[in-house]
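Colleague: Please model the entire structure based on the sequences and the hints provided.
In order, the protein sequence lines correspond to chains A and B. For what it's worth, my numbering labels the leading residue of the first sequence as 1, then goes sequentially. For what it's worth, my numbering labels the leading residue of the second sequence as 1, then goes sequentially.
Hints were generated in silico from the structure; no laboratory data involved. Note that the structure is a prediction, hence the values are computed from the model and not measured. You may find that some hints are simply not true.
When the alpha-carbon atoms are kept at most 30 Å apart in a straight line, the in silico DSSO-like pairs for lysine-lysine are as follows [said to hold, decoys possible]:
| hint | chain 1 | residue 1 | chain 2 | residue 2 |
| --- | --- | --- | --- | --- |
| 1 | A | K16 | B | K41 |
| 2 | A | K3 | B | K55 |
| 3 | B | K66 | B | K14 |
| 4 | A | K103 | B | K41 |
| 5 | A | K3 | A | K103 |
| 6 | A | K103 | B | K64 |
| 7 | B | K64 | A | K3 |
| 8 | A | K73 | A | K3 |
| 9 | B | K55 | A | K103 |
| 10 | B | K66 | B | K42 |
| 11 | B | K42 | A | K115 |
| 12 | B | K42 | A | K103 |
| 13 | B | K42 | A | K16 |
| 14 | B | K42 | A | K70 |
| 15 | B | K42 | A | K73 |
Among chain A residues calculated to face chain B with C-beta under 8 Å, some are [claimed, not checked]:
| hint | residue |
| --- | --- |
| 16 | G33 |
| 17 | G43 |
| 18 | E44 |
| 19 | F91 |
| 20 | P96 |
| 21 | S98 |
| 22 | G99 |
| 23 | T101 |
| 24 | K103 |
| 25 | L104 |
| 26 | F106 |
| 27 | G107 |
Derived, one-sided and incomplete: chain A residues facing chain B with beta-carbon distance under 8 Å [what the hints assert, rightly or not]:
| hint | residue |
| --- | --- |
| 28 | M45 |
| 29 | F47 |
| 30 | Y50 |
| 31 | G95 |
| 32 | N100 |
| 33 | G102 |
For each residue, glycine too, the CB sits at the ideal point set by N, CA and C.
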Amino acid sequence: AQKITQTQPGMFVQEKEAVTLDCTYDTSDQSYGLFWYKQPSSGEMIFLIYQGSYDEQNATEGRYSLNFQKARKSANLVISASQLGDSAMYFCAMGPPSGNTGKLIFGQGTTLQVKP
Amino acid sequence: GAVVSQHPSRVICKSGTSVKIECRSLDFQATTMFWYRQFPKKSLMLMATSNEGSKATYEQGVEKDKFLINHASLTLSTLTVTSAHPEDSSFYICSASSRGQGNQPQHFGDGTRLSIL
Chain A
1 AQKITQTQPG
11 MFVQEKEAVT
21 LDCTYDTSDQ
31 SYGLFWYKQP
41 SSGEMIFLIY
51 QGSYDEQNAT
61 EGRYSLNFQK
71 ARKSANLVIS
81 ASQLGDSAMY
91 FCAMGPPSGN
101 TGKLIFGQGT
111 TLQVKP
Chain B
1 GAVVSQHPSR
11 VICKSGTSVK
21 IECRSLDFQA
31 TTMFWYRQFP
41 KKSLMLMATS
51 NEGSKATYEQ
61 GVEKDKFLIN
71 HASLTLSTLT
81 VTSAHPEDSS
91 FYICSASSRG
101 QGNQPQHFGD
111 GTRLSIL
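Modeller: Below, the structure is given as structure tokens:
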């Protein structure tokens, strides 16, 4: 069975600093995708970044980067130069690789608060 | 592209009322739609998966007769909470999926906050 674990219920970061949100996963699939979503207090799910299991390079999208360590089954999200608007709940998820449909398995989430 | 509209965004109603939530894919055909439930500060819990033209597949523990799902077309799925009670109050989110939609396997609606008095 697939499982996603986020062990940090809450995190604080000072504005303009970098922060790492942890995510570990477990699967017996060879091909899969790893995703990070941001959910502000308004509730919408905002897609941030994708990493394919066969991608050799870590994914980056602007201030977001994914530290993918396949052997350790971890997919940590790094947010650089934190902004007040980054305060939200963040979910790590596992699902099908790019271009495919299928279920997403979500972690428990991490609430990030950015301090001015 | 890949916009999903969910309506209503918020609904407050009396106990015993049935409530219908719509999920529409606006600019693509969604072969599969998903319905999630989320409690405050918790993760998204998958309730059911629906494929156009066929019966929904419910996750274990989800009451089929309480949460009726219809996926009548490639752009519309509905979730009806029948005879709603206060314990059904929650945040419900839909997502829509289609092959070839880039890196995102699902595109999410903005959610519906349901409050049963």
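Colleague: None of the hints should be skipped; say for each whether it holds.
Modeller: For each hint, the structure was consulted:
no. : hint             : result
1   : K16/A <-> K41/B  : holds (25 Å)
2   : K3/A <-> K55/B   : holds (27 Å)
3   : K66/B <-> K14/B  : holds (16 Å)
4   : K103/A <-> K41/B : holds (21 Å)
5   : K3/A <-> K103/A  : holds (12 Å)
6   : K103/A <-> K64/B : holds (19 Å)
7   : K64/B <-> K3/A   : holds (25 Å)
8   : K73/A <-> K3/A   : holds (11 Å)
9   : K55/B <-> K103/A : holds (17 Å)
10  : K66/B <-> K42/B  : holds (22 Å)
11  : K42/B <-> K115/A : holds (23 Å)
12  : K42/B <-> K103/A : holds (18 Å)
13  : K42/B <-> K16/A  : holds (27 Å)
14  : K42/B <-> K70/A  : holds (27 Å)
15  : K42/B <-> K73/A  : holds (23 Å)
16  : G33              : holds (7 Å)
17  : G43              : holds (4 Å)
18  : E44              : holds (4 Å)
19  : F91              : holds (7 Å)
20  : P96              : holds (5 Å)
21  : S98              : holds (5 Å)
22  : G99              : holds (6 Å)
23  : T101             : holds (4 Å)
24  : K103             : holds (6 Å)
25  : L104             : holds (6 Å)
26  : F106             : holds (5 Å)
27  : G107             : holds (7 Å)
28  : M45              : holds (4 Å)
29  : F47              : holds (5 Å)
30  : Y50              : holds (4 Å)
31  : G95              : holds (5 Å)
32  : N100             : holds (6 Å)
33  : G102             : holds (6 Å)
Violated hints for the displayed structure: none, as all numbered hints are satisfied.
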